[in-house]
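Reconstruct the complex from the two isolated chains, following the hints.
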Amino acid sequence: MAGPVSFTAEIRHALYALTPNPVEACIQCGTCSASCPLADFMDHSPRQLIAMIRAGQRRAVLASNTFWICASCYQCTVRCPAEIDVARMMYALKRYAIWRNQCEREAVTRDFSRRFMRMVVRTGRSWEPALAPAYLGRRGLRGVLDEARVAAGLLWHGRLPLWPRRIRRRQALRRVLRHIVPVGGRS
Amino acid sequence: MKTYAYYPGCSLETMARSYHCSAVETARVLGLELQEIQDWNCCGATAYFHIDELLAYTLCARTLAIAERTGLDLVAPCAGCFKNLHSAADALRKDPDLAEHINEALAEDDLHLSGTTRVRHLIEVFVEDVGLEAIRARVTRSLRGLRVAPYYGCQVVRPQKTGEAAERVTFFEDLISALGATAVPYPARLRCCGGSLIATQREAALALVHDLLKSAVEQKAQVVATLCPLCQTNLEAYQGLVRRAYPDLPAVPVLYFTQVMGLALGISPRRLGIGRELVSAAQVVQFCRRGTAADSEHAPGEAARAGQAGEEGSRPLAAGRMR
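Those protein sequence lines, which keep their order, are chains A and B. Our numbering applies: residue 75 is where the first sequence begins, and numbers increase by one. Our numbering applies: residue 340 is where the second sequence begins, and numbers increase by one.
Bound-form chain B, shown alone (with noise of 0.2 Å):
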């Protein structure tokens, strides 16, 4: 069992717990063990760069230091924290003036940072360390038919990829299909949700939502994957309100990528944490559900079983479209 140091961060212990649980169930299923790290504290978030720099790299410094300690790759399931945790340690590689500053500090909580830890996203983990055909093997109940859209948000590949490589990523849908179900092309996969402006400035983050919603209602998606706890928030607990200032939109379920993992490596989900969820999730349970016991009965040709899976994937969506 490969261990890794995980580092939950704020929004897992809170509104995100359904991530938690389910990031922690799949990678056991997946055969990694994810030890949570001592004491961690904040990232800072983006609140935190917009007044100091120098104090939010200290933040990340601290966690980093303690994560070093264990000598593990540090694993983040939140896009945030893994990209604040992920640049400022390569700030700090890259200036070692600045982690001199820094290390002076966490001498006070006897620490020390020597730039070691590798900061990874758990979808990367999963990927790279697991692999795609071990998943595959690993997959008990069908997910074929399900339309997921991969949604990539921000942080996970930018700004650590520039230019096309930050355009052209296929890793969300590779695992998708993995799973058996099948990516929808999503144009917007790679938009912004909005972030923390659905506090500060909530007309820009409803609009962007909304896009993000609408792309993927029009490519027939029934449930929006995501990597990141606040995209997940703005895209799942606000759309209430981004349906009642834009009326024609359909509920869509948004689950983390670690809920539909787990159902297709026939975890239940309760203990994927699903039912905490503002919009309902239950037509995706109910889906998998039924794709166990059509994929049970034996033998059906190829074409006909694509056909109904085809329609059993498109009836509960419509139904969820009535509403």
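Excised from the complex, chain A in its bound form (with noise of 0.2 Å):
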């Protein structure tokens, strides 16, 4: 009988198609902490995070805000001397969260996220105005205050759309999208 799958083995199959898989091929050396612009704003440095999956440390790493602050900027990925797609591994990590429910310290940037899916299968384009409920109501009343000035001046230059845009062939696209996968396609 196989018992649970440890942590460790849980994360390094959620990161599968990454080729090499960062659980087994992270040296260690600390070039992508050293290349983050955002180390500075995360609990832990992308390093330390690759060094407590495989410790196993299932609590911590989902606690931490590492992959929630990085802004896919891929420089990590590039430096790699392992050549491990750091940043895609982010990516693989917040959904991981996600599938997991253990995102409420970072529910913003999982709700911006899906907002913006939403919106995008039932339109087929972006529209910003949209994804402000998303973390608006988080930031308090200064934070609505800094957002309306900024669309204000947006507005007043004619860069603010006050109606998103569609594609013609949406039902199309929905059932694309459906074919895929039965997600993110409600509306």
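Do not rely on the hints blindly, as some may be mistaken.
Below, simulated SDA-like cross-link-like pairs (lysine to any residue); rule was C-alpha separation at most 25 Å, straight line [to be verified]:
no. : chain 1 : residue 1 : chain 2 : residue 2
1   : B       : LYS553    : A       : VAL224
2   : B       : LYS500    : B       : ALA476
3   : B       : LYS433    : A       : ARG86
4   : B       : LYS553    : A       : GLY227
5   : B       : LYS433    : A       : PRO155
6   : B       : LYS500    : A       : VAL224
7   : B       : LYS553    : A       : PRO155
8   : B       : LYS553    : A       : SER109
9   : B       : LYS559    : B       : VAL508
10  : B       : LYS500    : B       : LEU411
11  : B       : LYS500    : B       : LEU529
12  : B       : LYS433    : A       : TYR165
13  : B       : LYS553    : A       : ALA108
14  : B       : LYS433    : B       : ASP412
15  : B       : LYS500    : B       : LYS559
16  : B       : LYS500    : B       : GLY470
17  : B       : LYS433    : B       : GLY470
Derived contacts from chain B toward chain A, CB cut-off under 8 Å, selection only [to be verified]:
no. : residue
18  : MET340
19  : GLU372
20  : LEU394
Since the hints were derived computationally from the structure, they do not count as laboratory data. Cβ atoms here follow ideal geometry from the backbone N, Cα and C, with glycine treated the same way.
Right, dumping it as structure tokens:
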């Protein structure tokens, strides 16, 4: 009988599409952490995060904001001497955390992405104002005022569309996406 | 006239309308036609990849399949769209099983992807297909003395190039020099602007934007030129918020590289969409006008001219800094 899958093995499987697999290939040189422009804002540097995965620290890994802070600038990916796609690993960890439903602290980013997805499925194009509710509500009055200021500026200069744009073959796009997997298609 | 399949991307319809105008106008002057593809859809940005990589690839595949019908190279001016479409095309070419799976889905929209389309960024087309010499020959209004910070950002260079190749790019500097302007040494040129973190992780993004603008100011750049609508929005539309958090930072105009090109090619600022900025680029336009006047005065010695240009170059910026 196989026992429960260890956290490290689970992550290794979650990252199976990444070759080389970071859990195995990382040499802990720290190039990713040194290259990361956002390392200062992270709970753990990318290198530390991989070490934590190896050590099986499920709780600490899922609680870390590291992969939510990643802006996917790919500096780590292109510099990694072990040729690990670190940025893509961060994507995979976000998905893992969403799947595990462990992203309370960074729910803003998750909700932002979800809204974005729903918007694209509905209209085929992106329309910024539809995303605002994902983060505005959580930033307090000052955040709302800040955003309003920028939005007013953009509006004044004809850069903020009041109405979303849509593609013509929306239904067909939805059928395509639904054919792939039955998620994201709800509207 | 060489024709390309043009994918503007969502931003160029909205916040980055000036990028669209200036891209089309500049291309036309250089003898290229950008033919917008039919009914294209969003590339998925970064948000889609967070949630579902397979769906994100499918989104890109639909656009690629539409482009494929034209048989032309696909050109994206948005760095994010370029990276997504480029890496999706790449991934699907390398993984025939995945491509087949996605093709089954695309059949719902009577589309098929065989992977023949080349995805390119607009600057790549200008530099490689038109060529720097041809661009230099078309310059009608010298930007001599204009100090431009070439901001590459992330997605045009990475992850397409890796290792040292990713750090050693110079095509943007070369293009700026071909226009007659000065590409300042810009240490932050390959750094990240924070991307969509401006919405979700405001403080972190503002810190990155501040570093980028500060680096440009330190190099006495009069304008930052970008290849990406998101970079432009972060550096320019959010500059007010950045400057509130970092009051020492002077105002820095941020233009699309096509706008800077267009000015040198003699296209009117209005047709390049200049004037839609939240941080005024009037000084840059003024500089170009004066540059023309100075150039038409015949034969001042080379040294004198350089001195004059340098002086003209630094004065308006200094005035801007006082604000």
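Against the structure, the hints come out as follows:
The straight-line distance between the Cα atoms of B/LYS553 and A/VAL224 is roughly 21 Å, inside the 25 Å bound, and the hint therefore holds. Pair hint B/LYS500 plus B/ALA476 does not hold up; C-alpha atoms about 30 Å apart against a cutoff of 25 Å. Only pairs whose Cα atoms come within 25 Å are accepted, and B/LYS433 paired with A/ARG86 is accepted, the gap being roughly 22 Å. Our distance criterion of 25 Å between C-alpha atoms is met by B/LYS553 and A/GLY227, whose separation comes to about 23 Å.
Taking the CA atoms of B/LYS433 and A/PRO155, the gap is near 22 Å; set against the 25 Å cutoff, the hint holds. For the suggested pair B/LYS500 and A/VAL224, the alpha carbons sit about 34 Å apart, so the restraint of at most 25 Å is broken. Restraint check for B/LYS553 and A/PRO155: not satisfied, since their Cα atoms lie roughly 30 Å apart, outside the 25 Å limit. A hinted pair counts as satisfied when its Cα atoms are at most 25 Å apart, and B/LYS553 with A/SER109 qualifies at roughly 19 Å.
Taking the CA atoms of B/LYS559 and B/VAL508, the gap is near 22 Å; set against the 25 Å cutoff, the hint holds. Of the pairs offered as hints, the one joining B/LYS500 and B/LEU411 holds, with about 23 Å between alpha carbons and a cut-off of 25 Å not exceeded. Proposed proximity of B/LYS500 and B/LEU529 is supported: the alpha carbons are some 12 Å apart, at most 25 Å. For the hint linking B/LYS433 to A/TYR165, the alpha-carbon distance of about 20 Å falls within 25 Å, and the restraint holds.
A distance of roughly 21 Å separates the Cα atoms of B/LYS553 and A/ALA108; the hinted pair therefore holds under the 25 Å criterion. Among the hinted pairs, B/LYS433 with B/ASP412 is consistent with the structure: their alpha-carbon atoms are about 19 Å apart, no more than 25 Å. Our distance criterion of 25 Å between C-alpha atoms is broken by B/LYS500 and B/LYS559, whose separation comes to about 29 Å. Between the alpha carbons of B/LYS500 and B/GLY470 the distance comes to roughly 21 Å, so the proposed pair stays at or under 25 Å and holds.
Using a Cα cut-off of 25 Å, the hinted pair B/LYS433 and B/GLY470 is violated, with the two alpha carbons roughly 31 Å apart. A distance limit of 8 Å between C-beta atoms decides the matter here; for B/MET340 the minimum to chain A is near 28 Å, and the interface restraint is violated. A hinted interface residue such as B/GLU372 counts as satisfied when its beta carbon comes closer than 8 Å to some beta carbon of chain A; here the least separation is about 23 Å, so the hint is violated. The interface hint given for B/LEU394 is met, as the beta carbon of that residue sits about 6 Å from the closest beta carbon of chain A, less than 8 Å.
The structure does not agree with the numbered hints 2, 6, 7, 15, 17, 18 and 19 stated previously, though it agrees with the rest.
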